[in-house]
Amino acid sequence: MDVIGESHFPASVEEAEKVVAIVRGAAVTALPSDLYIPPDALKIFLETFEGPLDLLLYLIKHQNLDILDIPVASITHQYVDYIEMMQEIRMELAAEYLVMAAILAEIKSRMLLPRPRGTENEEEDPRVDLIRRLQEYERFKTAANDLDGLPREARDTFSASAALDDIEVEVPKPMVELEQLLLAFQQVLERAEQVAHHQISREPLSVRERMTMILDSLGQGGEICFSDLFVAEEGRSGAVVAFLAILELCKEGLIDIVQSAPLSGLHVKIA
Amino acid sequence: MSKSHREFRGGLVDSKTILEALLFSADRPLSVANLQSCFADSARPEKGEIRAALKALSADYEDRSLELTEVASGFRFQVRQEYSLWVAKLLEDKPPRYSRALLETLAIIVYRQPATRGTIEEIRGVSVSSTIIRTLLDRGWIKVVGHKEVPGRPALFATTRQFLDDFNLRTLDSLPSLSEIQAMGFESDSDTEQALERVPLQGLELAEESEETNDNI
Amino acid sequence: MSKSHREFRGGLVDSKTILEALLFSADRPLSVANLQSCFADSARPEKGEIRAALKALSADYEDRSLELTEVASGFRFQVRQEYSLWVAKLLEDKPPRYSRALLETLAIIVYRQPATRGTIEEIRGVSVSSTIIRTLLDRGWIKVVGHKEVPGRPALFATTRQFLDDFNLRTLDSLPSLSEIQAMGFESDSDTEQALERVPLQGLELAEESEETNDNI
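Quick mapping for you: the protein sequence lines, in order, are chains A, B and C. Just so you know, my numbering puts 152 at position 131 of the first sequence, and the rest follows in order with no gaps. Just so you know, my numbering puts 47 at position 20 of the second sequence, and the rest follows in order with no gaps. Just so you know, my numbering puts 142 at position 115 of the third sequence, and the rest follows in order with no gaps.
FYI, nobody ran anything at the bench for these hints, they're computed from the structure. Warning: the hint list may mix true and false statements.
List time: in silico DSS-like cross-link candidates among lysine-lysine, alpha-carbon distance up to 25 Å [to be verified]:
no., chain 1, residue 1, chain 2, residue 2
1, B, Lys116, C, Lys116
2, A, Lys194, C, Lys116
3, B, Lys43, C, Lys43
4, A, Lys290, C, Lys170
5, A, Lys272, C, Lys43
6, A, Lys129, A, Lys82
7, B, Lys74, B, Lys43
8, C, Lys170, B, Lys74
9, A, Lys290, A, Lys272
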């Protein structure tokens, strides 16, 4: 099945009104009674939803159903069909969709069970909770739209200011305590670890600092003699730091180490 | 106040024009107290005087492209919405367009504050992405106001004054109230449908295209 | 230009008021060419028209605290000298504070230097605003030390000597190492967090006023 390119879409508004949808290049002008989504389109279809509640709302609204009277059986079938299709095309299936399928199935099964006499008032309609959630979600969906519609600073309104050139004032610069900076970094690290797809390596800062120094000096001269990157007074540990910094810069592709002739001196330059 | 009456060319330095100068020099909204504190002790106008001067100032700009508005943290001059089309062309970074997920999260925090992630997840039915929370914190629209005393001590989020300022609101009360629970029927769901327009689906209605272009300018 | 004539309240959107909106929303002087480029091709005024409109605009502000001036790179509105006394008070008022996003960005540059925007974004999980980078560059805490040889040649940021001076450090090495920081176990106490989180992005910390009444003006 081909995914239809944009060019097949109706060119004008009038045309669009007549055409209900385009499937495989052919315009469909009548609404099918059920909602069938070809697998190729499913991914895009689902990406436009914010989750199972959103999808369910769409399904219910699309069929012009009164939410207070959800025909659980048909909705469940349709919903479960999508879940199955998602699995078929090996879409990464969010757990929330599966939970919703389970909820629907449970409601359906409870509706099928005969109720013992006399308990009707005590036992709630199993749909009540779902309806409450859908209604609650819908309120916030509307609220989100309304919020976006408010005039927003820097999008719809812009603050007006005038220059102050002739006015001489020392504007104090914001001060930052070292502790604030460390706290900020600690929080970054915590988050990064939770997410965990990048490893923040534990190199000593001296290497990072040296890397900056080397790049700095290369920025001015362009090319530097390898041995000039080592300072005798720093002793052995200084040399190790410098060497690690050079290796790290090489690894990150930031510098090249070149030798113009065999046995001649090494030179370091910006890659 | 008489001390501050000085003349320049045809103009007169009085509290109204001083307030004008202050409001245009600040890069944030200024409250009446902020404005008062810029006057020398001996010549400090009363709050009432400041308010009267602001009112007169506001009237001066009635026919101009700027307006004096009051938001949560005070007063500011801003370019009227009618001019955003032209001003947008000046901007280096286009104003970001926020995702539905982010706006829904924000809406829940606005109307349910203080709210935990749990509240947001319960209402939206999906887990909250950390990126969304981070973006909202970065934007200065929400802040952590405490922690709920339940296992895990989840953070409680609330909106900030910056949020009100950025949405041109004076108080949370000036937001439209959360819609009543409605029997959900037939209204078209233009957001979803617009997104679905491009999807070749059997049985999916194409949204009626409105000739309005999106407002992300 | 006729296309752009639209009315709002008592006002009229015409080239003069459009120029006014542009000049007040820009954070730099605007040349005649800059101003022209904000109009749609079909409605772009001639240079002469722009100049005439600027002249009229300038006259409108004769009696106000602002004046339209021309500097090397173009036109801008500025606050008249007569008002420097009051404006100075405003600016002395409160040292601004940096946002949490800015501090985190700086921290990542400190510990991962030389770092590209990509590195920062990857670690923080959200995009880095240009404003933050510019603020750090302006402050003299970071500098560009080169460009990474990958597509787009992104700039490599590193900290400066100024950064060390301002934080009272002799070398970067005197900062705690990553593992030390993690072991520090700062109390994620909500006060600090709040303080960091509620800071407006680029603005000044807002004065906390208690008894502000909000009369509509």
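Evaluation of the provided hints:
{"no.": "1", "hint": "B/Lys116 / C/Lys116", "in the structure": "34 Å, violated"}
{"no.": "2", "hint": "A/Lys194 / C/Lys116", "in the structure": "15 Å, holds"}
{"no.": "3", "hint": "B/Lys43 / C/Lys43", "in the structure": "24 Å, holds"}
{"no.": "4", "hint": "A/Lys290 / C/Lys170", "in the structure": "19 Å, holds"}
{"no.": "5", "hint": "A/Lys272 / C/Lys43", "in the structure": "57 Å, violated"}
{"no.": "6", "hint": "A/Lys129 / A/Lys82", "in the structure": "19 Å, holds"}
{"no.": "7", "hint": "B/Lys74 / B/Lys43", "in the structure": "13 Å, holds"}
{"no.": "8", "hint": "C/Lys170 / B/Lys74", "in the structure": "46 Å, violated"}
{"no.": "9", "hint": "A/Lys290 / A/Lys272", "in the structure": "14 Å, holds"}
Against the hints set out earlier in the document, violations occur for numbers 1, 5 and 8.
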